[in-house]
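Just so you know, the sequence shown maps onto residues -24 to -1, 1 to 687 in mature numbering (1 follows the signal peptide of the UniProt record, and there is no 0).
Hints were generated in silico from the structure; no laboratory data involved.
For glycine and all other residues, C-beta sits at the position ideal for the given N, C-alpha and C.
Incorrect hints may have been included.
[Stated by the list, open to error] Listed below are the simulated DSS-like cross-link pairs for lysine-lysine, each with C-alpha atoms no more than 30 Å apart in a straight line:
#, residue 1, residue 2
1, K574, K630
2, K308, K439
3, K308, K163
4, K439, K419
5, K173, K42
[Stated by the list, open to error] Ranges of calculated distance between the beta carbons of each label pair, as one might list FRET restraints:
#, residue 1, residue 2, range
6, T392, I168, 42 to 52 Å
7, Y235, Q625, 38 to 48 Å
8, P631, A471, 46 to 56 Å
9, I198, F656, 51 to 61 Å
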Amino acid sequence: MTLKTSLVMMQACGAIVFSTLTLAESTADDITNDSILNDWETQTKDGSDVELQPLQVKGRALSYYKEDEATLATKTATPIDKTPQSIQVVTEALIEDQAARQITDLYRSISGMSQNNVSNVTLRGFNQDEILYDGMRGDPFSGFSIPQLFTIEQVQVLKGPAGALYGAGEPGGIINYVTKKPTYEQKNTLKISAGNKDFLSGSIESSGPANEDASQRYRVGIYSDGQDSYRTNVEEENQIIDLGYDWDIDSNNTLSVQYTNIHQYISGARLRGIPTDDDGNFLADTSWNSNSSSDFQELDAEVFQARLDHDINAWLTSNLTFRYFENTETQKYHEVTGLSTTDSDMVKRQYRDQVRNKKGTTIAGNLIAELGDHTVLIGADYYHLYGDFLYYRSTAGVSNLSLSNPEYTDNVSDYTMPLYKDEETVLDRVGVFAQDQWAITNKLDLTTGVRFDRYEEKFTNNKADTETEYDDTGYSARIGATYALNEHVKPYVSASTGFVPQSASDQESSTDGYFDPEESHQFEAGLRTYWLQNKLNVNIAAYRIIRENILQEDPDDSDLLVSVGKVRSQGIEIDVMADITPRWVANINYAYNDTIVKKATDGIQYADGDRFSNTPYNQLGLWTRYDFPSITSSIAFGADYVSDQINRQGQTIKPYAVYDASWQTSWEDWKFQLNIKNLFDKEYAVSGFTEKNGSFVGERRRVYVSAAYDF
């Protein structure tokens, strides 16, 4: 059944590509004959000289939705076609067209990515929560808060293990947010938006030269929003202040400084799912919430970042970056602990009072040498993270809640709140790495890289008055090659490795007092192709990832662990960007993934049997837009299909297809936009958690209207 579904989805994707080829081919003649002849006739009437030039057509999809170069995969300015690993870039134009406010709005545009738990995602079959900003660790939204996109220019995703450059990390890949920077030209935008569920937002952005020669530049961005929800008791607020300053000190040195302040408040949260039966049917209305209106989740965060770029000479450059962040995440909420054994309409609850504090510092330096056919990178980075977790919990006195007719009558002040956890973690990581990009011929490029990491972790349990320290080393490598068969076909192959250290708290459960890190390796082969005068770009990637040394319960002693677990993930991804006609463009992606447990003593976390939770076999995303130049307007349509999944206890999460629509028009310095998300108001679950907590409900129909003024 799974293979059949996969083949059907691949055929559908192929049909779309074939229709694109046919339509684009039929319109190519129109462009050549009509457009050029019209221009020739106009110039002839004007008496102008006519000189025919070779026609280079690059439509909206490939010029606005496609990025040709990225630094994430190599830390050097490298064309994506010469990058021997799958990398996907969501551009600012696509973010704007889809009216994406937060990362959850963009999953359809990234093949192989789907929602997991709250703000985490599944990428190539693995839970992914490692987030970079401008290639640096230090995520201000780390925890359970949802990253906002107001300060973001691009979202970049490097797929597969990335240890050779970035050290410890999950094998699915790395997500990198490229932040907005000061501009050389003056740009000012005032934007207001409104929508159903009392949504209202406003922002102002100003960026440009701070002196006459633009050697100093600034950026100021202020954003605020507020909205209700289809979920009972839930309201959300976001405020962001973003400041930037760039200074070209001289022709060889540029200093960039950024500061961001973030506040996010969600009442009626931490927002969990809704219980379902084994077939994935909700046991309550999709507006149901286990939290009362006094429950909340609040985030306060600050980020400071500074970077110095220095040109040492004509062939040697360097950069040094410092990033500091701190955040406090406060959560006071009711958690479902299970279904009542005496009344199927009731759920049992407990109350949790949690505060998480984090402070992190990253320092990274890179030296880049252009040595003829070789581009050599040598770098090092240091990451320090301090975190504390204070957790009070009450079960006695917390009332059960009805699924069909909930009444939120509890008074939290009446609860007895004993201390449940009081923990501190201090983490230090140091890494050094080297990479060589060798242009062997004008068609063949070879990339090799190695990295060594040293990490130390200290875990303190203040409640139990215990302390555990752990240190170890890790090694990562990558080798890959790209080859340009011709201007149309550019294949690549690569092998890469990664690792994730075991936590210091888990080391106490080892019979030897020591666990090796989890290790992963990936083999990937891909094909990047361009057709019809570069109006059609089709990329295909096939991969196989093995993850080993996953901690398991010791079969001989349930109080101990053993590192024998093994998981295999494999799949294919197809990404298509097409200018179907000069006015009609499309961005399409399809992914098939099969992630299974290959070795375990008594199951693996986040899996049921041999299948992982929240890992759909098939996904299909679409965004297509049609322009009406005569009235400076456009309409767009989006679709997002995700096949069936399971939660952590094997309950079904039903497949779903959700559709969006958009209209956009410009008048003088104004741009007006209407977006309808979940066009048909479908009730569905995006992912699952456990039987007691249920499945996370997808967003119901949302309507947004915005007006932006450039001045």
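Here's how the hints hold up against the structure:
| no. | hint | in the structure |
| --- | --- | --- |
| 1 | K574 to K630 | holds, 25 Å |
| 2 | K308 to K439 | holds, 20 Å |
| 3 | K308 to K163 | violated, 42 Å |
| 4 | K439 to K419 | violated, 62 Å |
| 5 | K173 to K42 | violated, 34 Å |
| 6 | T392 to I168: 42 to 52 Å | holds, 47 Å |
| 7 | Y235 to Q625: 38 to 48 Å | holds, 44 Å |
| 8 | P631 to A471: 46 to 56 Å | violated, 34 Å |
| 9 | I198 to F656: 51 to 61 Å | violated, 35 Å |
In summary, the structure is inconsistent with hints 3, 4, 5, 8 and 9 from the numbered list given earlier, while agreeing with the others.
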